[in-house]
Amino acid sequence: MKAHRIGAVVLRQAYEARHNLDRVTDALYWPVIDVLLWGFMSLYISRQMSVGPHIASYLLGMAILWALFRSFQRDIAVAFLSDVWSRNLIGLFSTPLSIQEYVAGLVLINLLKAVAGMLVAGLVAWACYSFDIFPALPALLPHLGILVLFAVAVGIFITGLIFRFSTRIQSLTWSITGLIMPFSCVFYPVGTLPAAIRPLAFALPTTYAFEGMRAVLAGAPIRYAYLALGYVLSACYLAGAAFAFARLFMAARASGLLVKIE
Amino acid sequence: MFLTPPDAPHKPHRPEPAALLEIADLTKDFGGFRAVDGVSFSIRAGEIVGLLGANGAGKSTTVHMLLGFILPSAGRIRLFGLDPLHHREAVMTRVNFMSPYVGFPMRLSVFENLLVYAKLYAVPNARAKIGDLLDLFDIADVANKRYAQLSSGEATRVGLCKAFLNDPDFLILDEPLASLDPRAAVHVKQLLVERQRQRGLTVLLTSHNMFHVEEICRRVIFLDRGRVVADGSPLDVTRTMLSSARTVPALREIFLSMSGRKARESA
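Residue numbers (the numbering used here), protein chains in the order written: chain A, 2 to 263; chain B, 795 to 1061.
Bear in mind the hints are in silico, worked out from the structure with no lab data behind them.
Possibly wrong hints are sitting among the right ones.
Stated by the list, open to error - Under 10 Å between C-beta atoms, here's a sample of chain A residues computed to sit facing chain B:
no.: 1; residue: R165
no.: 2; residue: F166
no.: 3; residue: T168
no.: 4; residue: G257
Stated by the list, open to error - Subject to a maximum C-alpha distance of 25 Å in a straight line, what follows is the list of computed DSS-like cross-link-like pairs (lysine-lysine):
no.: 5; chain 1: B; residue 1: K923; chain 2: A; residue 2: K3
no.: 6; chain 1: B; residue 1: K923; chain 2: B; residue 2: K983
no.: 7; chain 1: B; residue 1: K939; chain 2: B; residue 2: K913
no.: 8; chain 1: B; residue 1: K923; chain 2: B; residue 2: K913
no.: 9; chain 1: B; residue 1: K913; chain 2: A; residue 2: K3
no.: 10; chain 1: B; residue 1: K939; chain 2: B; residue 2: K923
We put the beta carbon where it would ideally sit given N, CA and C, even for glycine.
Starting from the given sequences, assemble the full structure and let the hints guide the process.
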């Protein structure tokens, strides 16, 4: 892998972000909307019901962190789609650029965007609801690593599927996190789920990340066992996604779909 | 204005194996359909070769296999003596590809698009190089225009700028003169011949415009139903396929006869 080629992919996406308002909207608008929505919801709940003072922290904190996961996964696939839509993919791959460098560039630029979105959402939560997530960030960071790894796994898996099955399945880019969210226990503890569904929740690394982060925001110590399980699962999903991506990419080249994808 | 088909290059750019490109028994099956059927040919450094044939003859599939976009079902490809599938970086650094069917990101300016490609090829002094190429193809005035705002002729010229960014040793051009006005087309043809003479540039060109091909290619390869049916100078191919009494190349006639036969068979 060569840094200058990864840098070229980052530059191409940075130019796109500069010229395309949709990209700014995706990175900043939705995280801020989420924070506003869950902020009002937490205010309402804390006033109407006898719940502890941590409710706002739970809801707002989880909204900010979920937005990071969702936008990171989605933006990796959208960045890839933008090269498909502009018929630029063949041009890129007629250069020395390798598929690994291309994916590395997409991950890097979209991680930066997702972190920027999280910081803006954090500032909005602080300004509007006096909820300050920043002091908790050092303890949250290890959990964020789980989300980042899993988002990369989902993002590259969707990208591989688009290589193989073309843009007819591109809606997965936006919908897949909706499917994962209810079982990831973002806003409620895993014990809330019916017993029959809990194994599914425990199969997702996001569940361990959010359970752990809820504990951190409640002032409890880091749950290292959950953290370890989250990382092991994320690594497994990432390895599986990388394997599937490589197979799907090869299948697209074998069937000639790579040059027909649009 | 007509161009003299190029001679052998005066100064080879760098020492190469006897054949810059070697293709042996290249075959591609898509399910039950054989798109390329045992194609074999080689190209020496400094040749400008036309790869010709009607739609569906197997030209694009052959080119896409050369570039690694499509995996061959069988056969062997060697570029600069290397297998491009296993030595991608070493090979693709010295190759460039241009096709009007390959786009650029629409919202990026012409300059931004070319800068991204310059970085992919690690072009030294990229900004100056891009400026020179924009001047060369007479589109310096659209450097800051978004790609989406270009006319089709301007877009083709941006593709040609990209094709020369890394000073390639081997250039694969798919319909390089599409959408160009006659003046621009002559300019591009002159440039190709000049680069071939001065730097030993090797070109594989596909086109449906047989007049352009006769002007710039010393050698043509005709494909039909995935097979090589003729390989030689435009005049030799004309004599082989039409009549030995011919004294001037008539590639258009050959092309029309081949595509007409194909249409009749399909009907």
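Going down the list of hints, with the structure as the test:
Taken as an interface hint, A/R165 does not check out: its beta carbon lies about 14 Å from the nearest beta carbon of chain B, beyond 10 Å. Taking 10 Å as the C-beta contact cut-off toward chain B, the hint placing A/F166 at the interface is violated, the least distance being around 16 Å. The interface hint given for A/T168 is broken, as the beta carbon of that residue sits about 15 Å from the closest beta carbon of chain B, more than 10 Å. Hint status for A/G257: holds, given a least beta-carbon distance of 5 Å to chain B, under 10 Å.
Our distance criterion of 25 Å between C-alpha atoms is met by B/K923 and A/K3, whose separation comes to about 21 Å. Under the criterion of a C-alpha separation no larger than 25 Å, the hint pairing B/K923 with B/K983 is consistent with the structure, at around 21 Å. As the CA atoms of B/K939 and B/K913 are separated by approximately 20 Å, the hinted pair is consistent with the 25 Å bound. A distance of roughly 12 Å separates the Cα atoms of B/K923 and B/K913; the hinted pair therefore holds under the 25 Å criterion.
Simply put, B/K913 and A/K3 have alpha-carbon atoms about 11 Å apart, close enough for the 25 Å limit, and the pair holds. Restraint check for B/K939 and B/K923: the C-alpha separation of about 18 Å stays at or below 25 Å, so the hint holds.
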